[in-house]
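Novice: Given next are the chains, with one letter for each unit.
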Amino acid sequence: MELKKKVQDLRVIETSRLNKRHFILELEAPEKLPLILPGQFVQALIKDSPSTFLRRPFSVHAVDYRKNSLRLLIQIKGPGTQHLSELKEGDPLNLIYPLGNSFSLPFTKDVLLVGGGCGVAPLLFLAQFLNHNNIYPTILLGFRTREEVSEIDAYAASGKVHVITDDGTEGEKGLVVDHSIFQLERLPFKKIFCCGPDAMMKAVAKIARMHKTDCEVSLENTMACGFGVCLCCITPTDKGNERVCVEGPVFNINRLKWQ
Amino acid sequence: MELKKKVQDLRVIETSRLNKRHFILELEAPEKLPLILPGQFVQALIKDSPSTFLRRPFSVHAVDYRKNSLRLLIQIKGPGTQHLSELKEGDPLNLIYPLGNSFSLPFTKDVLLVGGGCGVAPLLFLAQFLNHNNIYPTILLGFRTREEVSEIDAYAASGKVHVITDDGTEGEKGLVVDHSIFQLERLPFKKIFCCGPDAMMKAVAKIARMHKTDCEVSLENTMACGFGVCLCCITPTDKGNERVCVEGPVFNINRLKWQ
Amino acid sequence: MMKDLSINIAGLHFKNPVTTASGTFGYGDEFLDFIDPGKLGGIFVKAVTGKNREGNAYPRMAETASGMLNSVGLQNKGIDHFCREIYPKIRNFNTNVIVNVSGSTIEEYIEVAEKINDLDDIPAIELNISCPNVKLGGMAFGTVPDMATEVTAEVRKVYKKVLMVKLSPNVTSITDLAKAVVDGGADAITLINTLLGMAIDAEKRRPVLSTITGGLSGPAIKPIALRMVWQVHKAVHIPVIGLGGIMNATDAIEFILAGASAIQVGTANFIDPTVSLKIVDGIDSYMERHKIKLVSDLVGALRTE
Amino acid sequence: MMKDLSINIAGLHFKNPVTTASGTFGYGDEFLDFIDPGKLGGIFVKAVTGKNREGNAYPRMAETASGMLNSVGLQNKGIDHFCREIYPKIRNFNTNVIVNVSGSTIEEYIEVAEKINDLDDIPAIELNISCPNVKLGGMAFGTVPDMATEVTAEVRKVYKKVLMVKLSPNVTSITDLAKAVVDGGADAITLINTLLGMAIDAEKRRPVLSTITGGLSGPAIKPIALRMVWQVHKAVHIPVIGLGGIMNATDAIEFILAGASAIQVGTANFIDPTVSLKIVDGIDSYMERHKIKLVSDLVGALRTE
Ligand SMILES: Cc1cc2nc3c(=O)[nH]c(=O)nc-3n(C[C@H](O)[C@H](O)[C@H](O)COP(=O)(O)OP(=O)(O)OC[C@H]3O[C@@H](n4cnc5c(N)ncnc54)[C@H](O)[C@@H]3O)c2cc1C
Ligand SMILES: Cc1cc2nc3c(=O)[nH]c(=O)nc-3n(C[C@H](O)[C@H](O)[C@H](O)COP(=O)(O)OP(=O)(O)OC[C@H]3O[C@@H](n4cnc5c(N)ncnc54)[C@H](O)[C@@H]3O)c2cc1C
Ligand SMILES: Cc1cc2nc3c(=O)[nH]c(=O)nc-3n(C[C@H](O)[C@H](O)[C@H](O)COP(=O)(O)O)c2cc1C
Ligand SMILES: Cc1cc2nc3c(=O)[nH]c(=O)nc-3n(C[C@H](O)[C@H](O)[C@H](O)COP(=O)(O)O)c2cc1C
Ligand code: FES
Ligand code: FES
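Line by line, the protein sequences are chains R, G, L and X.
Under this note's numbering, residues 682 to 940 are what the first sequence spells out, in order.
Under this note's numbering, residues 682 to 940 are what the second sequence spells out, in order.
Under this note's numbering, residues 344 to 648 are what the third sequence spells out, in order.
Under this note's numbering, residues 344 to 648 are what the fourth sequence spells out, in order.
In isolation and in its complexed conformation, chain R is listed as follows (with noise of 0.2 Å):
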């Protein structure tokens, strides 16, 4: 399978709300897709929006080779997202991508998958790639309210699920990391993969130390380009300042110098 980056006009072929403030695009590229890795993302151009120069980033949901095409989850924050909710079954999305590293293949069957908010995005494609490999992760998944929850048959599919809500509306009440898994006195997980909020990766992070728990984490960041050439997206990491869109975006908690 090529690996190269493309610049690349895709069709949307499905759009589905999953609730007020998440929808799902599926994307059919014009020809054999490119490999695509666990954690690896998409620039898309938002065309004829005139509050959005620059491209957005996406983790990339799900893959599917025989029908060359890719899933994004994606969470309406601002005109960019705005914009992509209004996309019509047919319309052309142009993208850059596969861009950035991937999850590891862990040496482990041990593993738990932590998401918030969009930061469950890469995950679904993850536990896929995990099941391929014969590992079926536990899946915490964080959100807000009973109504945002979604996808979970889609990763029950895939490996033990848990959910959380803030407001205990599903699933247990608080944060990811207040849920019970994290309450034990030995962590019964080798692997943590992790993506959300920076504050919620922080935290986990923590846990993590703490448990003496292998940890990747999946980095948000403003973006510029997302291929590595403007250096806008930078992380602090034990090799002095790193690119996230192309060191990352996932990282290993070691590495990170987080404040």
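Please keep in mind that the hints were generated in silico from the structure rather than gathered at the bench.
Treat the hints with care, as some may be off.
Stated by the list, open to error - Here are a few chain R residues that sit away from chain X, every Cβ distance over 12 Å (derived from the structure): (1) Arg702; (2) Glu707; (3) Glu709; (4) Asp745; (5) Asn749; (6) Glu767; (7) Asp848; (8) Asp859; (9) Glu866; (10) Arg867; (11) Leu868; (12) Arg890; (13) Cys913; (14) Ile915.
Stated by the list, open to error - List of simulated lysine-lysine pairs, DSS-like, C-alpha gap at most 27 Å: (15) R:Lys769 x G:Lys790; (16) L:Lys547 x L:Lys522; (17) X:Lys547 x R:Lys883; (18) R:Lys728 x X:Lys621.
Claimed, not checked - Here are the in silico distance ranges between beta carbons for each label pair: (19) G:Asp791 x L:Pro466: 53 to 63 Å; (20) L:Ala483 x R:Arg692: 53 to 63 Å; (21) G:Lys728 x L:Asp423: 39 to 49 Å; (22) G:Asn700 x L:Asp376: 33 to 43 Å; (23) L:Ser349 x X:Lys547: 19 to 29 Å.
In this text, all values refer to a predicted model and were calculated from it rather than measured experimentally.
We put the beta carbon where it would ideally sit given N, CA and C, even for glycine.
Using the hints provided, position chains G, L and X with the ligands relative to the given structure of chain R.
Specialist: Leaving out everything else, chains G, L and X with the ligands in the frame of chain R:
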């Protein structure tokens, strides 16, 4: 009827393509239309287009006070008009209107209307207005080619229509000033109203002067505001630099200092 | 929540920090169909010069990415016409009506300022030493600190009310210019005027503007304007009036946070003639949301620690 | 029609006038998936300084209307790393590979220039005396004519190949700076670098950038860039390389008509990494359409009479 200018969202109730480059937008006001005179124009806000920052001016092509609707006849030129051509029934369009002065009611029945290209837009409205005042003008319309000849029936209901095309595929062949109407030794008109490209208006004005026939033209101009405050749209007149969007767009050729 | 949107600039009371920029609001009368100027903090009317000026030839405008160029060139009928014909019509707008004073020579600035000093209902002038669109037209005064001090000081001698000076952004150091007009006796500083730019029609191989270059305004220049307001606010102790690309209340608040005591709405008036009132409302709801009682508490309240 | 898109700048041959701007093209290697750099007139690689620099803290980027602010701050691994690790990888791109040389002191500029002088396959350097994003980081050299002359002259002594100097637009008179670097011995002038700007997050009441201010690029600045290219082209007799907001071939042609012998594509690379080749094609079709055989006939061919 109200005489105030408004900033208002109107709703597209009909769009129709006349040919490849021209289309009609019919817009319905949310409340009673203000009084609009022939020759007046609107300033349309092109939302969601990154390449159009300022509004775009269009003459009123027709008014229906019972339906509270007005029509625009638009030629696709650049990004703004392209965007308008893609509007669908039900879409909102924000207008500032009505703007500018108007053609004057003539003191004669021997009236000639001359229009070329999208300059025909205000003439249908003017012809109907003249009809209300018992004047049935002669109407000379210039088009590039047969394919672009349109709405002849509507004009024919208001006066005697002559057509000329650049390539002779319909009516006479040539520019409007080449039409046989203008070849007569004495022009059978006491008043000419003219609207179209600059070069055409200058050529018609020259003939009018030669025959000492009274003539009003509707000037095009690049406008920033459209309601008289930016002073970007001036034209030199006998009173100094005047604003095309307030003192115009209609000027008697006697007042203009065309180069 | 009780909120106070009023602002005091050099002793002059503004009912709110939203005003309109000179050259984009005419003399206010063209806006009467759209808004009541009495609801604004103030209006800055079109530049007035000593004598009648016809301004530059057509074309005077070019659209650019998120902005526009203009080369109007101070077209106006002169100070005497203003006093006789315009002033009576606008003196009773229930707001601060401030006149933008322009000229080519110090004598011209003095002449205009002196005559406006006699108009009871004009509480302030804005000295425009920054118009890029006229030869000998102010910009020289606005780019050389010594000249800026001199023209300000000379006008200060004859003008007894609130003296604002509007600076040009086309300089290496905006703070040098700001300090220069403070030295000349300015009561407040307005910034920014337009940036000198140019547009070309590639197909015709000609400049779009009759004057080749013109003044750039609109959202494109907002980052530059914000930076200058911030720099000047930190450098001088007189109030700053900020503008440049303000399109909505969020933009206005950014300028206030950067240090503007009041803001002006310019090019945005062309796109929505009611926008200035929407900005007043938007500031009100921002204060509500952030529980801020006095708009003056927001001035320069940017957290940079 | 036979067309010749090639351009000669101070004896250096460019196969076409399209190049890429420093800091927006990395070292070219990141673009190999998208385009063949060998089809471009040249590439200007990321700034190189004397020692390793980590650059500024995050956040380094803010989106603005039709543009963006950056405050990268010359992050790079220093000249020795460049010579050892980067140069071998890029020396054989089939195009002019030009290095952007930056520094905080004259000594640093000299050190870097001297070492690059020894690299056979680097035919030219671009002296960056205009970076707004580092304290002591060049911009001082780019805003004071005497300092601009001095740094250019000192580098001229040690650098024997084509010496280009990149100017800052944050000045009162761009022509004074251009003349100053001509006096210092520059072979060509690049303009413009970014304009100093600022972005504020009104909700958080904080600057968006860690450095508070940053450099503005993108279509927003095109009118200013075009104006400066036009002014400098008329004021000096050495070639000008123009950039600032070029997004497509029409923009590129506007710069060439204003007087640019070559153009650089900057921020546009982020939005479409293939855009530089599209611009080459677009210039080709423009020449076809306008029956122009030599692209050099378009340089400064603006009709202003
Ligand atoms: C590698 C990567 C992967 C991502 N994957 C997804 C995904 O799968 N699904 C999804 O919904 N979102 C994802 N995001 C975030 C997404 O890119 C932003 O939400 C989007 O760009 C917002 O664009 P907008 O125009 O709608 O809002 P804007 O107006 O641009 O932003 C709205 C608000 O969000 C903040 N914001 C914008 N971009 C970012 C960012 N990159 N990081 C942190 N805060 C930001 C802004 O500061 C602002 O407050 C990802 C970001 C990165 C860097
Ligand atoms: C008072 C008035 C009434 C008008 N009435 C109509 C009408 O009824 N129907 C209609 O189709 N058009 C009319 N126009 C012209 C119309 O406003 C422009 O065609 C439109 O603004 C082009 O916008 P755009 O974004 O599509 O193209 P742009 O990219 O803005 O322009 C495309 C080309 O057209 C030229 N152009 C743009 N605006 C003008 C202008 N105002 N005058 C001269 N040349 C211009 C540009 O220089 C450019 O070469 C009128 C103009 C004025 C001033
Ligand atoms: C068409 C036009 C005319 C202007 N005329 C004047 C003027 O007469 N005096 C003045 O000081 N500024 C004038 N300006 C500058 C504006 O007052 C303002 O400083 C500038 O446009 C930046 O603000 P904005 O981006 O909000 O428009 C004019 C601007 C425009 C667009
Ligand atoms: C992220 C970024 C980094 C930059 N780094 C450099 C640099 O290292 N050296 C330099 O001379 N210019 C640098 N620039 C400036 C560009 O080369 C260019 O002068 C400027 O962006 C204007 O052109 P544009 O509008 O086409 O981007 C940088 C610009 C950006 C956006
Ligand atoms: S976003 Fe440009 S280097 Fe990462
Ligand atoms: S367009 Fe502004 S005055 Fe006419």
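Novice: With reference to the structure, classify each hint as holding or not holding.
Specialist: Hint check results:
At roughly 18 Å, the least C-beta separation between R:Arg702 and chain X is larger than 12 Å, which holds for a residue marked as non-interface. Against chain X, the non-interface label of R:Glu707 holds: every CB pair exceeds 12 Å, the least being about 24 Å. Against the 12 Å criterion, R:Glu709 stays outside the reach of chain X, whose nearest CB is about 21 Å from its own CB. The claim that R:Asp745 lies off the interface holds: its Cβ sits roughly 23 Å from the closest Cβ of chain X, which is beyond the 12 Å cut-off.
Separation of R:Asn749 from chain X is adequate, the least Cβ-Cβ distance of about 19 Å exceeding the 12 Å criterion. With a cut of 12 Å on Cβ distances, R:Glu767 stays outside the contact zone with chain X, its closest approach being about 20 Å. Listed as outside the interface, R:Asp848 is consistent with that label: its C-beta sits roughly 23 Å from the nearest C-beta of chain X, beyond the 12 Å cut-off. The beta carbon of R:Asp859 is kept farther than 12 Å from every beta carbon of chain X, the shortest such distance being approximately 26 Å.
No Cβ of chain X comes within 12 Å of the Cβ of R:Glu866; the nearest lies about 36 Å off, and the non-interface call holds. Distance to chain X confirms R:Arg867 as a non-interface residue, since its nearest Cβ pair spans about 35 Å, more than 12 Å. No Cβ of chain X approaches the Cβ of R:Leu868 within 12 Å, the least distance being about 30 Å, so the stated non-interface status holds. Against the 12 Å criterion, R:Arg890 stays outside the reach of chain X, whose nearest CB is about 22 Å from its own CB.
The claim that R:Cys913 is not at the interface with chain X is violated, since a C-beta of that chain comes within 12 Å of its own (minimum 4 Å). Here R:Ile915 does not stay apart from chain X, with its beta-carbon only about 6 Å from theirs, under the 12 Å limit. A threshold of 27 Å between alpha carbons decides the hint, and for R:Lys769 with G:Lys790 the separation of about 55 Å lies outside it, so the pair is violated. Restraint check for L:Lys547 and L:Lys522: the C-alpha separation of about 44 Å exceeds 27 Å, so the hint is violated.
The hinted pair formed by X:Lys547 and R:Lys883 meets the criterion: a straight-line CA distance of about 21 Å does not exceed 27 Å. Taking the CA atoms of R:Lys728 and X:Lys621, the gap is near 18 Å; set against the 27 Å cutoff, the hint holds. Look at G:Asp791 against L:Pro466: about 58 Å separates their beta carbons, and that is inside 53 to 63 Å. About 57 Å separates the C-beta atoms of L:Ala483 and R:Arg692, a value consistent with the hinted range of 53 to 63 Å.
For the pair G:Lys728 and L:Asp423, the supplied restraint of 39 to 49 Å holds, since their beta-carbon distance comes to about 44 Å. Restraint check, G:Asn700 to L:Asp376: a C-beta distance of roughly 37 Å satisfies the suggested window 33 to 43 Å. Range check, L:Ser349 to X:Lys547: Cβ separation about 26 Å, and the 19 to 29 Å hint holds.
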